[in-house]
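Chemist: Fit chain B to the known structure of chain A by using the hints.
Just so you know, the protein sequences line up as chains A and B, in that order.
Numbered per my numbering, the first sequence spans residues 3 to 278.
Numbered per my numbering, the second sequence spans residues 3 to 278.
Source of the hints: derived by calculation from the structure; they are not laboratory data.
Just to be clear, a hint being listed does not mean it is correct.
Because identical chains cannot be distinguished in the list, a pair is counted as satisfied if it fits within a single copy or across any two copies.
To be verified - Below are the DSBU-like pairs computed for lysine-lysine, each with C-alpha atoms no more than 35 Å apart in a straight line:
1. 8 <-> 125
2. 57 <-> 269
3. 213 <-> 81
4. 213 <-> 130
5. 12 <-> 57
6. 21 <-> 213
7. 65 <-> 21
8. 21 <-> 34
9. 21 <-> 8
10. 196 <-> 81
11. 34 <-> 130
Number of protein chains: 2
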Amino acid sequence: MASVIKGLSKLCIHTQTTKPWSLQECVTNYSKAGVKAITIWRNVLEGINLNEAKKILDDADMKVVSLCRGGFFPSVDSKRRNEAIDDNLLAIEQAAAIGAPLIVLVCGSDSRQPLETSREQIKEGILKILPAAEAAGVKLAIEPLHPMYAADRSAVNTLQQATDMADEIGSPFVGVALDVYHLWWDNNLEREIKRCGHNGHLFAFHICDWKVPTTDMLLDRGMMGEGCVNIRQIRGWVEDTGFTGFNEVEIFSSTYWEQDQEQLLHKVINAYLHHS
Amino acid sequence: MASVIKGLSKLCIHTQTTKPWSLQECVTNYSKAGVKAITIWRNVLEGINLNEAKKILDDADMKVVSLCRGGFFPSVDSKRRNEAIDDNLLAIEQAAAIGAPLIVLVCGSDSRQPLETSREQIKEGILKILPAAEAAGVKLAIEPLHPMYAADRSAVNTLQQATDMADEIGSPFVGVALDVYHLWWDNNLEREIKRCGHNGHLFAFHICDWKVPTTDMLLDRGMMGEGCVNIRQIRGWVEDTGFTGFNEVEIFSSTYWEQDQEQLLHKVINAYLHHS
Chain A
3 MASVIKGLSK LCIHTQTTKP WSLQECVTNY SKAGVKAITI WRNVLEGINL
53 NEAKKILDDA DMKVVSLCRG GFFPSVDSKR RNEAIDDNLL AIEQAAAIGA
103 PLIVLVCGSD SRQPLETSRE QIKEGILKIL PAAEAAGVKL AIEPLHPMYA
153 ADRSAVNTLQ QATDMADEIG SPFVGVALDV YHLWWDNNLE REIKRCGHNG
203 HLFAFHICDW KVPTTDMLLD RGMMGEGCVN IRQIRGWVED TGFTGFNEVE
253 IFSSTYWEQD QEQLLHKVIN AYLHHS
Chain B
3 MASVIKGLSK LCIHTQTTKP WSLQECVTNY SKAGVKAITI WRNVLEGINL
53 NEAKKILDDA DMKVVSLCRG GFFPSVDSKR RNEAIDDNLL AIEQAAAIGA
103 PLIVLVCGSD SRQPLETSRE QIKEGILKIL PAAEAAGVKL AIEPLHPMYA
153 ADRSAVNTLQ QATDMADEIG SPFVGVALDV YHLWWDNNLE REIKRCGHNG
203 HLFAFHICDW KVPTTDMLLD RGMMGEGCVN IRQIRGWVED TGFTGFNEVE
253 IFSSTYWEQD QEQLLHKVIN AYLHHS
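Just chain A, with the same shape it has in the complex (with noise of 0.2 Å):
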């Protein structure tokens, strides 16, 4: 079990959390709030120039921890998927342009093929990105995503599955971002982070927390301490890899997002602290 967390030095909150705020907003808010990491999704950069958006994280010295997303490489259309490469060469740019060392890939799913030529493409086309990625020494991270999202959102849903296509790749660029919320379940996941990380591939690591009942298939997650998840747990094992990086807080709630956003962020905060 991990020790329990006694400051903010490894909080990183995602930008989508607090989604109704703009970069700038996020920025603010949180460096009042005494938190020095960001996760940026890319919404929040449309609108504004790179240069504009790096200024506004170099002024209040907040650490770019990811980027998010790249991915959603499979589809039955060949032109969908050179449309997906692009879009991943022009993420790769704004996080090397933004200071982002790292792009979470949300892998893609094509239900109208079979899960095993979604997972062919999804491979294929990180190889195809690869290059671009080492170049602008931009790391990436798949993420396994929870089965419920097998159809539509990522065909690799489990750890082991990321791990075994991080090693096929056999890049020091490519790795796992690990969201308990996807993985929490798995009765092989001890073994399995640890596998990961001994494989030099733990990238990043998500939190949030299961709610029971959980009501809406992408938009229900629970604030850390609200759920099941046993995060410590997760976290111990995560730390027991040598994994030194940030705890990024990533909540995707229709819920919390009504809520005035920096009672939000200081119940993020407050959670954070006593339920990680």
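Modeler: Just chain B now, kept in the frame of chain A:
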């Protein structure tokens, strides 16, 4: 890949698929449509005595494949765990009385305790009811449920886990019920079906489909062919193990339950013949 289905001799329908119907209505209508096998959900036994139920089934020469459902073993509360044992013993009596050779176990989970604890309590629960099951000649099938139910319906979420548990228990009366809805996403499914069958544990095969999008986590299952599951491929893997049991249609759908149930039954049969 399995061969095309040519008739209804291997078709079994779960009474829950046509939930608005009583046992008598299910049996009468299934028979009229040429369906010769049924899996009985316990709700249709409420309010009639078991001899009466048996007579309804025998009069129509309807083969009973399974009784659904036992299980729900875990709880933080030992009184609730004991009540679950009593309820499972009752299910064994019911199964024996109506001639059901198998009880499907929806194993349960209690989100107030670690998954590991729930898993231990599931195994303990099965071991407690096993002597009664053996004495009654009724088999027990652990049904691994989709990981989205790990918090509240089953802490057994993969075929590997279910097969391991059946192996550990080591009785010819304990095996596995495989439902494509719960397991289609698993990249190890073919291998695990082979192992499950090889170990003598493959007791039942349930079919329906995964809709894209799925709008409700419980009551939005699809008719075969309506979603993205490659049912024929999975049926081929199952049959390759030597499985000669029924293909059991089990669809929970608030949409279908609102429709005319005779028309629904004909949709089921048509989908079975063309998309299974």
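Chemist: Evaluate each hint against the coordinates.
Modeler: To see whether the hints hold, each was checked on the structure:
| no. | hint | verdict |
| --- | --- | --- |
| 1 | 8 <-> 125 | neither (39 Å within a copy, 39 Å between copies) |
| 2 | 57 <-> 269 | within (28 Å within a copy, 61 Å between copies) |
| 3 | 213 <-> 81 | between (39 Å within a copy, 25 Å between copies) |
| 4 | 213 <-> 130 | between (38 Å within a copy, 31 Å between copies) |
| 5 | 12 <-> 57 | within (23 Å within a copy, 67 Å between copies) |
| 6 | 21 <-> 213 | both (20 Å within a copy, 28 Å between copies) |
| 7 | 65 <-> 21 | within (19 Å within a copy, 55 Å between copies) |
| 8 | 21 <-> 34 | within (18 Å within a copy, 56 Å between copies) |
| 9 | 21 <-> 8 | within (27 Å within a copy, 53 Å between copies) |
| 10 | 196 <-> 81 | neither (39 Å within a copy, 38 Å between copies) |
| 11 | 34 <-> 130 | neither (40 Å within a copy, 58 Å between copies) |
Hint check: violations occur at hints 1, 10, 11; the rest are consistent with the structure.
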